[in-house]
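Peer 1: Chain A is already provided as a structure; the job is to place chain B on it using the hints.
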Amino acid sequence: GDSVTQMEGPVTLSEEAFLTINCTYTATGYPSLFWYVQYPGEGLQLLLKATKADDKGSNKGFEATYRKETTSFHLEKGSVQVSDSAVYFCALAGSGGATNKLIFGTGTLLAVQP
Amino acid sequence: NAGVTQTPKFRVLKTGQSMTLLCAQDMNHEYMYWYRQDPGMGLRLIHYSVGEGTTAKGEVPDGYNVSRLKKQNFLLGLESAAPSQTSVYFCASSYPPRGSNTYEQYFGPGTRLTVT
Chain A
1 GDSVTQMEGP VTLSEEAFLT INCTYTATGY PSLFWYVQYP GEGLQLLLKA TKADDKGSNK
61 GFEATYRKET TSFHLEKGSV QVSDSAVYFC ALAGSGGATN KLIFGTGTLL AVQP
Chain B
1 NAGVTQTPKF RVLKTGQSMT LLCAQDMNHE YMYWYRQDPG MGLRLIHYSV GEGTTAKGEV
61 PDGYNVSRLK KQNFLLGLES AAPSQTSVYF CASSYPPRGS NTYEQYFGPG TRLTVT
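Top line first, the protein sequences correspond to chains A and B. Position one of the first sequence corresponds to residue 1 (my numbering), numbered consecutively onward. Position one of the second sequence corresponds to residue 1 (my numbering), numbered consecutively onward.
Okay, chain A solo, but in the shape it has when bound (with noise of 0.2 Å):
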């Protein structure tokens, strides 16, 4: 079945530092493909998504390219902030979707240091 796989955390950087969480995925068709963020106490927000394959989405400063030659959504930034600091999960919604559900990865904690 579908799948996706992220880095493990937690990743530790200091700001202005540059930002790379990796996402690979397994899926049968043409998933989209997207990014949420969870800051400390609160609900899932959508971050950037990408629908086909080239497509890049971008948001905050944060992009993802989807490769669909890797089978891959990497999150970038290139300067990262204390209020950066947050669990990102990258995810897809199968191409068969009537129903649009989404497939989680296990989320990678990021932690940004003044």
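Don't read these hints as lab results, they were simulated from the structure. Among the clues, some could well be false.
Stated by the list, open to error - If the Cβ cut is set under 10 Å, some of the chain A residues that face chain B in the computed set are: (1) Gln38; (2) Leu46; (3) Lys60; (4) Phe62; (5) Arg67; (6) Glu69; (7) Phe104; (8) Gln113.
Even glycine gets a Cβ: it sits at the ideal position worked out from N, Cα and C.
Peer 2: Just chain B now, with coordinates in the frame of chain A:
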């Protein structure tokens, strides 16, 4: 708009007790979902609904029941709570997808449940 709200925010149950978690959305979304979040396991789908009066099983449905009597509400029930059901529960809602687009899911703030 309040978005997606969940009641209660916290609850402690003893093994064998029952309870109902309420999810409400004011965005007129057709689809609603219940997930549980456990350390190291991400979010796993418990049950979902594609419209009023419909429900379906997700990845981990055992020990839970759901109802969608009104479009805006989705209830998650635990008939006989077990310690393995200690978790954070999230509700989400979305539009139905059309064509090749996939609509995002909007999440509630979560309910932290402890079963002793």
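Peer 1: Run the structure past the numbered hints and jot down the numbers of the failing ones, going up.
Peer 2: Violated hints: 3, 4, 5, 6, 8; rest satisfied.
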